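Turn these sequences into a full structure, and let the hints guide you.
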Amino acid sequence: MIIDIRSSGEMILASLEGELDHHTSQAFKAKVQTILDTEETKNLVIDMSRLYFMDSSGIGVILGRLNQLKKKGGKVMVFGMQSQVKKVFYAGGLDKVIPYYEKEEEAVNNL
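Numbering (the working numbering), first residue to last: 22 to 132.
With beta-carbon atoms standing in for the labels, derived distance ranges:
1) H44 to G94: 27 to 35 Å
2) E125 to M22: 16 to 24 Å
3) N130 to H44: 31 to 39 Å
4) S104 to E61: 30 to 38 Å
Calculated pairs, DSS-like style, for lysine-lysine (alpha carbon to alpha carbon, straight line, at most 30 Å):
5) K124 to K93
6) K108 to K50
7) K96 to K124
8) K63 to K107
9) K108 to K96
10) K107 to K50
11) K107 to K52
12) K52 to K96
13) K117 to K96
14) K107 to K92
15) K92 to K108
16) K124 to K63
17) K92 to K124
18) K93 to K63
19) K124 to K107
20) K52 to K91
21) K52 to K124
22) K92 to K63
23) K52 to K108
24) K52 to K63
25) K63 to K117
26) K124 to K50
27) K107 to K117
28) K117 to K91
29) K108 to K63
30) K50 to K92
31) K50 to K117
32) K93 to K52
33) K91 to K124
34) K108 to K124
35) K96 to K107
36) K63 to K91
37) K117 to K52
38) K91 to K108
39) K63 to K96
40) K96 to K50
No lab work stands behind these hints: they were computed from the structure. Bear in mind the structure is a predicted one, so any value in this text is a computation, not a measurement. A virtual CB, placed ideally from N, CA and C, is assigned to each residue, including glycine.
Right, dumping it as structure tokens:
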């Protein structure tokens, strides 16, 4: 798993490549948490365009960040899912609490 995290003002942009599963979800959580602990960030936008697998651990870590950011008045948005990841996203009910967009600009513009 390759995790690229960029922070800008009140937003974190996390680009994920590979698999978000029980082996990698804690690394993702730790990288995001480092920024949340040191900056006034309240929104997380996740680029899933290069993520080709996600399991329930991935769902859990994303929901955990959503709950954490909601307490700060923030949001989590995702964009660019491949079909396999999209199936898990919808099956896990994430679409009911996290908006999905096709492109980064759409997600950022809807914060």
